[in-house]
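Chains as they are written, first to last, in the working numbering: chain A, 1 to 214; chain B, 1 to 172.
Everything labelled a hint here was simulated from the structure, so no lab data went into it.
Keep in mind that the hints are not guaranteed to be accurate.
Derived lysine-lysine pairs resembling DSS-like cross-links, with alpha carbons at most 25 Å apart [unchecked claim]:
id	chain 1	residue 1	chain 2	residue 2
1	A	K89	B	K157
2	A	K86	B	K5
3	A	K97	B	K157
4	B	K16	A	K89
5	A	K206	A	K176
6	A	K209	A	K97
7	A	K176	A	K191
8	A	K86	B	K40
9	B	K5	B	K40
10	A	K67	A	K89
11	A	K89	B	K40
12	B	K161	B	K16
A partial selection of chain A residues facing chain B, derived with a Cβ cut-off under 8 Å [claimed, not checked]:
id	residue
13	L24
14	G71
15	S79
16	T155
17	L173
18	G185
Here the structure is a predicted model, which means the values were calculated and not measured.
For glycine and all other residues, C-beta sits at the position ideal for the given N, C-alpha and C.
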Amino acid sequence: MKYVCSICGYVHDEAEKGIPFEELPADWKCPWCGASKSDFAPQEEKEAAAPIVTDAPDLSEAHELQKLSAGQLAALCSSLARGCEKQYKPEESRLFKELADYFTAITPAVEDATVMTIADALKEEIAFYPSLKATAEAAKDRGAQRVCVWGEKVTRMLYSLINQYLEKGDQMLEGKDVWLCTVCGFVYIGKDAPELCPVCKVPAWKFEKISGRN
Amino acid sequence: MSNKKIAVRNLRLCTKDCLCLYVCPTGATDTENSIIDPEKCIGCGECALACPSAAISLVPADYPEQQPKTNIVVSALNAQAQRKSSTEKAASQIAAMVADSGLGYLLEAMARSERLVTEDIMREAGYMLPQSANVRQLLEDLVANPPTPSFPIETAKQLLKLLPPPPPNPGN
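Please model the entire structure based on the sequences and the hints provided.
Here is the structure:
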């Protein structure tokens, strides 16, 4: 039997490794990405077909009806700032960054936010990915499908890490740093950044160390 | 859309062999900030061909519009982006309260991770290219109806001035 990591695709082949998956210790981690044992699934398991989203509003007058939240506009503008930077347009990039900062500042606070609420929110995000993927597939929108492939893996990793934290507290970070892939958002806990991002495959220098920067 | 190209230099790849300075017929590659001067560049491509470290590439002066999106996909993407931006906010709120701790670092990384994924979603939801008609429309809407009195309206106006105007006949 083979067990596959739902985040990076690492395969634990019981025949090759000589250890049944069940017998691996409870705190065993994926050797590539650090995901928990519970993030693995048997290879044979086929995903059930997800329903596609059908209750979309009519956006024929798109810009009028499409109300984006402050949080979405913040991400939209910071993305355009980066787009301008890539095109070597520093002035436009700075201006979009200003708009992004404004929208980040006016995004309303989440009431009574706790680590537990974040875990629940991540769980909801993961639960929505199958229908998002099915909707993108039905429309043959491969860009939207790619967003699902990366986003779902990154979100699963966040969920795995927050659960590891809920279980072990600060102990999970002892002697380790928090690393962020600045391309896809993959978060890794370890002494060094991975050589390649397990999700988007960029090299280690694209990772940023979040902890102990000062 | 014109076929005009301009050369851009990737500073991370540039090994300062400076062959681009020898071959450029207009001096566009010789600048104090290492950014090839788009005003001088005629898009001949000589610098890109000569560069031994493949640090220079040619990009179109006018970018094409993003691939068309169906309403249903845009709507589904927006629903997920909304969830994620709210998770980002919650994570950064708590991170600010427990700064300089293991949890603080973890949540800061999570907030930034959620932002990166939301950015990617918003690009696929029709806002990939800064020069697109969608972005122009959005900026015009924001100028016409600022979300709050503190909205930096001059910033949006300045962007509308800097971004190229839409083509006379938008080819949808």
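**Request:** Please name the hints from earlier in the document that this structure breaks, with their numbers sorted from lowest to highest.
**Result:** 10, 12 and 13
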